[in-house]
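> Below are the chains, spelled out letter by letter.
Protein chains: 2
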Amino acid sequence: MSKPLKIGLAGLGTVGTGVLDLLRENGALLEKRCGRAIEVTAVSARSRKARRGGHDMSAYAWFDDPVEMARSGDIDVLVELIGGEDGPAKAAVEAALAAGRHVVTANKALLAHHGVELARMAEKSGAALNFEAAVAGAIPIVKTMRESLAGNRAARVFGILNGTCNYILTKMEDEERDFADVLKEAQELGYAEADPSFDVGGFDAAHKLAILTSLAFGVEINFADVYVEGIENVTLNDIRYARGLGYRIKLLGVAVDTGDGVEQRVHPTLVPLGSPIAEVNGVFNAVAVRGDFAGDIMLSGRGAGAHPTASSVVGDIADIARGVIVPPLGVPADRLAPSRRARMRAHEGGYYVAMELADKPGEVAAVARIFAGAGISIESIVQKGRAISRVVPLREGEMVRETAPFILITHDTLESAMRGALERIERDGHCAGRPRMIRIERF
Amino acid sequence: MSKPLKIGLAGLGTVGTGVLDLLRENGALLEKRCGRAIEVTAVSARSRKARRGGHDMSAYAWFDDPVEMARSGDIDVLVELIGGEDGPAKAAVEAALAAGRHVVTANKALLAHHGVELARMAEKSGAALNFEAAVAGAIPIVKTMRESLAGNRAARVFGILNGTCNYILTKMEDEERDFADVLKEAQELGYAEADPSFDVGGFDAAHKLAILTSLAFGVEINFADVYVEGIENVTLNDIRYARGLGYRIKLLGVAVDTGDGVEQRVHPTLVPLGSPIAEVNGVFNAVAVRGDFAGDIMLSGRGAGAHPTASSVVGDIADIARGVIVPPLGVPADRLAPSRRARMRAHEGGYYVAMELADKPGEVAAVARIFAGAGISIESIVQKGRAISRVVPLREGEMVRETAPFILITHDTLESAMRGALERIERDGHCAGRPRMIRIERF
Chain A
1 MSKPLKIGLA GLGTVGTGVL DLLRENGALL EKRCGRAIEV TAVSARSRKA
51 RRGGHDMSAY AWFDDPVEMA RSGDIDVLVE LIGGEDGPAK AAVEAALAAG
101 RHVVTANKAL LAHHGVELAR MAEKSGAALN FEAAVAGAIP IVKTMRESLA
151 GNRAARVFGI LNGTCNYILT KMEDEERDFA DVLKEAQELG YAEADPSFDV
201 GGFDAAHKLA ILTSLAFGVE INFADVYVEG IENVTLNDIR YARGLGYRIK
251 LLGVAVDTGD GVEQRVHPTL VPLGSPIAEV NGVFNAVAVR GDFAGDIMLS
301 GRGAGAHPTA SSVVGDIADI ARGVIVPPLG VPADRLAPSR RARMRAHEGG
351 YYVAMELADK PGEVAAVARI FAGAGISIES IVQKGRAISR VVPLREGEMV
401 RETAPFILIT HDTLESAMRG ALERIERDGH CAGRPRMIRI ERF
Chain B
1 MSKPLKIGLA GLGTVGTGVL DLLRENGALL EKRCGRAIEV TAVSARSRKA
51 RRGGHDMSAY AWFDDPVEMA RSGDIDVLVE LIGGEDGPAK AAVEAALAAG
101 RHVVTANKAL LAHHGVELAR MAEKSGAALN FEAAVAGAIP IVKTMRESLA
151 GNRAARVFGI LNGTCNYILT KMEDEERDFA DVLKEAQELG YAEADPSFDV
201 GGFDAAHKLA ILTSLAFGVE INFADVYVEG IENVTLNDIR YARGLGYRIK
251 LLGVAVDTGD GVEQRVHPTL VPLGSPIAEV NGVFNAVAVR GDFAGDIMLS
301 GRGAGAHPTA SSVVGDIADI ARGVIVPPLG VPADRLAPSR RARMRAHEGG
351 YYVAMELADK PGEVAAVARI FAGAGISIES IVQKGRAISR VVPLREGEMV
401 RETAPFILIT HDTLESAMRG ALERIERDGH CAGRPRMIRI ERF
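Top to bottom, those sequences are chains A and B. Position 112 of the first sequence, counted from 1, bears residue number 112 in our numbering, the numbering being contiguous throughout. Position 285 of the second sequence, counted from 1, bears residue number 285 in our numbering, the numbering being contiguous throughout.
Next comes chain A alone, as it looks inside the complex (with noise of 0.2 Å):
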């Protein structure tokens, strides 16, 4: 029996008790399977307390600075659960692969931002650099991408990617609530941050997709050609219309190799009833991949929570301790290709498109007139009578008129084309407010 691994763990909040839960608990089972023992020596954050979450902290070498644990002798896996793009995080990461030390990390944004550079680290010193737990919590996706499915061209990437936008958005439709009472619930019960913006904005999932997207394709990781909308302007009727006419509202992280550059997006979406992707539900997250001889593949399960995160943190670990070390991005980290965006306005794909549309003769047929002339084929059409309609200050000094909700789906469509004819039907007055649109993946 070789000898055993030395972990220090830097950051103790839910995930970092959640990885010491899970060696207590299945501590002789991984050293079975591992053939050694996994130890946990040092610990690091930010205040000292004797025991977190039931565990003694004095069975541990305290460290006030991560960097100082990351560069101590006495450990060969540095575990970062710090969190933030820069910082201490990314300051430890740095000093550990510099040592040589291996890293597992679940710190999606460091990656996101500076994944590149830190496997290149990792690589010149042999280090293993893991983070399954940095996308979609339990989900094993990272390894299913860079080792399960090295002989395959990925086609596309697409994902449930933020458990807490997927909670809202099933809530929503469950139990017919807006966006804001949900969101309100979700930060009550832990859900949702207090300031949520990160998760609903669709930042979170969009850190998630810029490393799926360089696994899937071969490019440098590249966060800032993400193109981000978040859920926060999803309503209940969206969610209403959507069901009549056979489709559910997801936020999904997509990425695409157009031929012309990767496409890269994070939006609500509609996505059809009865898809697999569609029934992933509440707080489970799902990543389906497209790959040229695998064909579709699709991984769900927790994408976030103590223990399912620290499920992934440990299965790092355990690749580590038995030698399992592969290139952190799947290839080489110079061999990455540069990262080409496709640009956003260059997407193809169907609409939903929802508006108030003033309610008098001939406004219908000024729409269509509208997206005809953009080449933009109309599939369905929903269009409500006064029943639900709604009084609407039309334009600040307009005289108040009545409005009827209009909703339509497209065809595939250009999305330059769409956002050209929208703004149109804006500027010509022929709806309250702004025409708002929501892409469909027919998958």
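Hints listed in this document are in silico derivations from the structure and should not be mistaken for laboratory results. Worth double-checking, as some hints may not be accurate.
Remember, identical chains collapse to one label, so a pair may be satisfied in a single copy or spanning two.
Claimed, not checked - DSS-like mimics (lysine-lysine), calculated; alpha carbons at most 27 Å apart, straight line: (1) K32 with K124; (2) K360 with K184; (3) K3 with K124; (4) K6 with K49; (5) K184 with K3; (6) K184 with K171; (7) K3 with K32.
Computed from a prediction, not measured in an experiment: that's the story for all the values here.
Could you slot chain B onto chain A? The hints should help.
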């Protein structure tokens, strides 16, 4: 750059030529990812042909005998795609492992019967024995369980493990057709074998389940302990009634650690409509694992086919090229626990029961009394009137009389109680023919 990894390919059927397709198409990409080339240097098959699937065989050293190829010093890895639990497949794999060469195989029968001894041989010589393609085609479930979930104690694993059966059940439901009719079409399309009993009888799924059970619970593979029922007796009416009751019928393989041994079973199963497993249709497979830390994880994808299977075979080869070698069954073979069987009669779950009830007063009450006497609690009943009743001979020599379908769903019940009640109902002559039951899983 290291030396190329030399492959000897035994078996040149659809999967074998699929592997050659993949290496031709994505060879350069693989070399970039693995840091070395992967080259087929030798091949072996039953009959020698100049070309196979568009590939020129003269490029490779030819071996009539795969065992001789396995022993040849000119290969690093034996890729065994011959199939069959014994015979040349087993002999070639044993010869390769004895010579310290790595093995990649798609052979579920071989592993289900001899997996533990082969794992032991591989570990002895430090060779890899990889078999991702043996379970669920392109789905990376073996690596997920063996590596990603290393930190978890599994509570259960279940899945749709046979694409032929799933295709047939999906077609029966979608097109309202009988089993025999759809099976015939599947045979014509090449989705089912001329002798379909291995697939539709559940044995193929049972082989895969036996392997998953070992990976999940760290026990020796024990195929003989799998309880197996096929889909031959599932009727279109069963599918219709199940749907009306909120369920869909799938052939599932299920392994559960009951605390009193491992229950391994393959049988048609009612799963709730809208549950993720119910939405895995057609030739797709899916496997779901519950880990004590990860929670529920589900992987789905193509369960068969030349290219999806080749994707898994090559993923396994890529691991070897990168130096990734772990114990084939997740823990060293000598540390696997003996498999302890939980008796099927001790299974507890819900049941769907269908019978042709004699259509006369008092029969429903009599049947209900038998269930009540056995401690079986009924959740819902569907009784169809004479509108769809049929005239059926009750027993030989007895008068022909009217019967009507009588369908019910039970709450959780002991299998032994259910079997006893159904025997009693039959013995007492309450129904024509035998009452049938299908187990329910409410995942």
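> Are the hints correct? Go through all of them and say.
Results of checking the hints against the structure:
Proximity of K32 and K124 under a CA criterion of 27 Å is satisfied inter-copy only: 17 Å between copies versus 31 Å inside one chain copy. With identical chains, the CA atoms of K360 and K184 are never at most 27 Å apart, being 38 Å at best within one copy and 59 Å at best between copies. Taking the closest pair of Cα atoms, K3 and K124 come within 27 Å of each other both inside a single copy (24 Å) and across two copies (20 Å). In the homo-oligomer, the alpha carbons of K6 and K49 lie at most 27 Å apart inside one protomer (22 Å), although the nearest pairing across protomers, at 55 Å, exceeds that limit.
In this assembly of identical chains, K184 and K3 lie within 27 Å of each other by CA distance neither inside one copy nor across copies; the values are 49 Å within and 59 Å between. Taking identical chains as interchangeable, the C-alpha atoms of K184 and K171 lie at most 27 Å apart only when both belong to the same chain, with a minimum of 12 Å there against 45 Å between chains. Only within a single protomer do K3 and K32 lie at most 27 Å apart by alpha-carbon distance; the minimum there is 13 Å, versus 33 Å between protomers.
Hint compliance for this structure: hints 2, 5 are not met, and every other hint is.
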